[in-house]
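A.B. asks: Protein chains in written order, with the working numbering: chain A, 1 to 251; chain B, 252 to 638.
Derived from the structure by calculation, the hints contain no laboratory data.
Everything numeric in this text was worked out from a predicted model, so none of it was measured.
There could be a bad hint or two in this list.
Claimed, not checked - SDA-like mimics (lysine to any residue), calculated; alpha carbons at most 25 Å apart, straight line:
id: 1; chain 1: A; residue 1: K203; chain 2: B; residue 2: K594
id: 2; chain 1: A; residue 1: K199; chain 2: B; residue 2: K358
id: 3; chain 1: A; residue 1: K57; chain 2: B; residue 2: A487
id: 4; chain 1: A; residue 1: K199; chain 2: B; residue 2: K436
id: 5; chain 1: B; residue 1: K525; chain 2: B; residue 2: E316
id: 6; chain 1: A; residue 1: K143; chain 2: A; residue 2: T157
id: 7; chain 1: A; residue 1: K91; chain 2: A; residue 2: T157
id: 8; chain 1: B; residue 1: K436; chain 2: B; residue 2: L418
id: 9; chain 1: B; residue 1: K338; chain 2: B; residue 2: M387
id: 10; chain 1: B; residue 1: K594; chain 2: A; residue 2: I202
id: 11; chain 1: B; residue 1: K389; chain 2: B; residue 2: E600
id: 12; chain 1: B; residue 1: K358; chain 2: B; residue 2: E600
id: 13; chain 1: B; residue 1: K280; chain 2: B; residue 2: R264
id: 14; chain 1: A; residue 1: K203; chain 2: B; residue 2: E600
id: 15; chain 1: A; residue 1: K203; chain 2: B; residue 2: K389
id: 16; chain 1: B; residue 1: K621; chain 2: A; residue 2: T94
id: 17; chain 1: A; residue 1: K199; chain 2: B; residue 2: D616
id: 18; chain 1: A; residue 1: K249; chain 2: B; residue 2: E632
id: 19; chain 1: B; residue 1: K389; chain 2: B; residue 2: E362
id: 20; chain 1: A; residue 1: K57; chain 2: B; residue 2: R264
id: 21; chain 1: B; residue 1: K621; chain 2: A; residue 2: E109
id: 22; chain 1: A; residue 1: K143; chain 2: A; residue 2: T117
id: 23; chain 1: B; residue 1: K506; chain 2: A; residue 2: N26
id: 24; chain 1: A; residue 1: K249; chain 2: B; residue 2: A582
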Amino acid sequence: MYYIGIDIGSTAAKVSVFNEDELILNFAMPTGWSSIETSKVIEKRLRDKGIDLEKSKIIATGYGRISVPYADKTITEITCHGKGAHYLLGKDATIIDIGGQDTKIITLENGRVTNFTMNDKCAAGTGRFLELMANTLGVSIDKLANMALEGEDINITSMCTVFAESEVISLIGSGTKKESIARGIINSIIGRVYAIAHKHGIKDTVFLTGGLCEIGSFVELLSQKLNMKVETKPLARYAGAIGAALLAKNI
Amino acid sequence: MRPKIMEEVEALRGVNSAKIKEAHEAGKKVVGMYCVFSPSEIALAAGAIPVSLCGTTQEPIEEAEKVLPRNLCPLIKSSYGFAITDKCPYFYFSDVLLAETTCDGKKKMYELMAEIKPMHVMSLPQTAEGEDALEMWKNEIVKFINFLEEQFDVEITEEKLRDAIKLMNRERDAMKRLHKLNAHKPAPLSGMDMMLAQWLKGFNVEKEAGIDLIERLIKEVEERMEQGIYAFDEKAPRILLTGCPIGAGSEKVLKALEEAGASVVALENCTGYKGLDVMVDEEKDPITALAEKYLATPCSCMTPNNRRLDLIKRLAEEYQVDGVVDLTWQACHTYNIESYTVKKFVQEELNLPFMQIETDYSDSDTGQVKVRVEAFLETIEVSAVAN
């Protein structure tokens, strides 16, 4: 029996497949404009990999979870992230998940989600903010984070994504070094994440999930701000999909 | 399938807006009220019709924001918006308005609203504790009586007050028994229907007919219970909803909870059970009895407000709840700050899962609210399995 987790986020879709207890496959793709189309592409890719969907239990999660007609069940990304992070880390933690449009802080106790906080109504402190700012600077997100390590410790003062973009443009205009602007952008998102995490309360290890966990320089700067080592794992961006697949075993 | 009589209950909205017009045309006086602190008995004793004017919809907020700051609670903006746009028949036909100094936002808004219609403002003490507070509030009750006597050129006798107290107690008793039906596991009524029935009572032009309708609804629900017909199955997580008031148009959190499979069994808010808990003493002198009842309202505008915690505890036990959701309207400082106290109490004393949702009347955060509500219910499910 296959257990499949499909995590369709606002920016990226992640898929994890277990064959009984063995994690055999993880893949990701941009969500694009339609999560229904994405779910069709995922279905095809799973079949191409020789996975028999009729002999599978499937849970969909994430913002596009309702767009997966072949899923047996939907569960929110909060519960799935909790489950997946516990699988990857093997212990309780405070999970910081920086997604495309949401940043979530999740407390795990005895492997269970006991508390969570989400940003509301605003894209400040999310992956989308970083993506927009990277576009304004004309670099990739990876490059932006790496540049930030070389820059001066400046601040972008506007919290609003739209105003922050204008501020970045005027910094470019005034000849501020690109590295310093990059640092300001990273400082801005890390400051927002810190504020949510601080209000939520940090317990045990801090574990970072979401696409940004793969960027070492971002993890380093976040660790500096939190004044503790932020842990992550190579598969951490799949935490939601892995958690969904694990929960599919209970169906 | 909902009880048949719920259709009649829902039809009250249309029925009452026609009846208020008829009553006005027949020369009846109407007192518009904004709060569960408003002693409707006094309006009834003056031969007038008390109606609830508290704004619960997004629609007039845009107009209100021409005058009021955006960063203000939606209930205040909606109430003021209805007043200036003339879109609410109950406001339109109100001869006088009764307001109270509950929160800062409301009392300053009332200064502006008073320019539209004759308004009486009752000064609430900041605490419900102690003799001084009660004396002050008794005095405010007397002042309101004097105001209505003068405005309507009537005499509010002790006998009329006693009759009004008995009538309102009967309404409270019926509403309380209706609410208590959902103490049964599983609940026979959805939280949405319960909210509607409780909220719509505030517009009843004919109190007796309103009580009769609720008695018939109770009877129908009891019959359905005997036949084993419930709104939810046994496994649905049972939620106590506390915090700011809700009505039709501002039910989004309640709706999100029930759409995600929860059974909202208790409404510990002022449109729900808060105003029903304490009856008016029919033996005592009416002014003292009224003052005591209304001052006992466990609202966050009071300091301290420990009675709210007591009420949450009683309801959580009696209704066998699995979790508590605290709804805070954006910029409602008193409920927002008090949420921390409620959270600690619910998690540590009652050992129940707790979640606060801070939002407004708009649907701009529907997606986020849905995720938060579903994730909260999942944590309840998981902890139920683990225990």
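A.B. asks: If a hint holds in the structure, say so; if it doesn't, say that too.
C.D. replies: Going down the list of hints, with the structure as the test:
For the hint pairing K203(A) with K594(B), the CA-to-CA distance comes to about 18 Å; that is within 25 Å, so the pair holds. Of the supplied pair hints, the one linking K199(A) and K358(B) is violated, its CA atoms being roughly 31 Å apart against a limit of 25 Å. Note on K57(A) and A487(B): the hinted pairing holds, with a Cα-Cα distance of about 24 Å set against a maximum of 25 Å. Of the pairs offered as hints, the one joining K199(A) and K436(B) is violated, with about 36 Å between alpha carbons and a cut-off of 25 Å exceeded.
Distance check on the hinted pair: K525(B) and E316(B) sit about 30 Å apart at the alpha-carbon level, beyond 25 Å; violated. Annotation: proposed proximity of K143(A) to T157(A) holds, straight-line Cα distance about 22 Å (limit 25 Å). The suggested pairing of K91(A) with T157(A) is violated, with an alpha-carbon distance near 37 Å, which exceeds 25 Å. At roughly 31 Å between alpha-carbon atoms, K436(B) and L418(B) are farther apart than 25 Å, so this suggested pair is violated.
Restraint check: the Cα-Cα separation between K338(B) and M387(B) comes to about 36 Å, which exceeds 25 Å; the hinted pair is violated. Distance check on the hinted pair: K594(B) and I202(A) sit about 18 Å apart at the alpha-carbon level, within 25 Å; holds. About 35 Å separates the Cα atoms of K389(B) and E600(B), which puts this hinted pair outside 25 Å; it is violated. About 34 Å separates the Cα atoms of K358(B) and E600(B), which puts this hinted pair outside 25 Å; it is violated.
Taken as a hint, the K280(B) and R264(B) pair is honoured in the structure, with Cα atoms around 20 Å apart against an allowance of 25 Å. At most 25 Å may separate the alpha-carbon atoms for a hinted pair to count; K203(A) and E600(B) meet this at roughly 21 Å. Taking the CA atoms of K203(A) and K389(B), the gap is near 50 Å; set against the 25 Å cutoff, the hint is violated. Taking the CA atoms of K621(B) and T94(A), the gap is about 22 Å. The hint holds against a cut of 25 Å.
Restraint check for K199(A) and D616(B): the C-alpha separation of about 21 Å stays at or below 25 Å, so the hint holds. For the given pair, K249(A) sits about 16 Å from E632(B) by alpha-carbon distance, which is consistent with the 25 Å threshold. Pair hint K389(B) plus E362(B) holds up; C-alpha atoms about 23 Å apart against a cutoff of 25 Å. The straight-line distance between the Cα atoms of K57(A) and R264(B) is roughly 47 Å, outside the 25 Å bound, and the hint therefore fails.
For the given pair, K621(B) sits about 23 Å from E109(A) by alpha-carbon distance, which is consistent with the 25 Å threshold. Distance check on the hinted pair: K143(A) and T117(A) sit about 29 Å apart at the alpha-carbon level, beyond 25 Å; violated. Distance check on the hinted pair: K506(B) and N26(A) sit about 36 Å apart at the alpha-carbon level, beyond 25 Å; violated. Distance restraint check for K249(A) and A582(B): the Cα-Cα separation of roughly 43 Å exceeds the 25 Å cut-off, and the hinted pair is therefore not satisfied.
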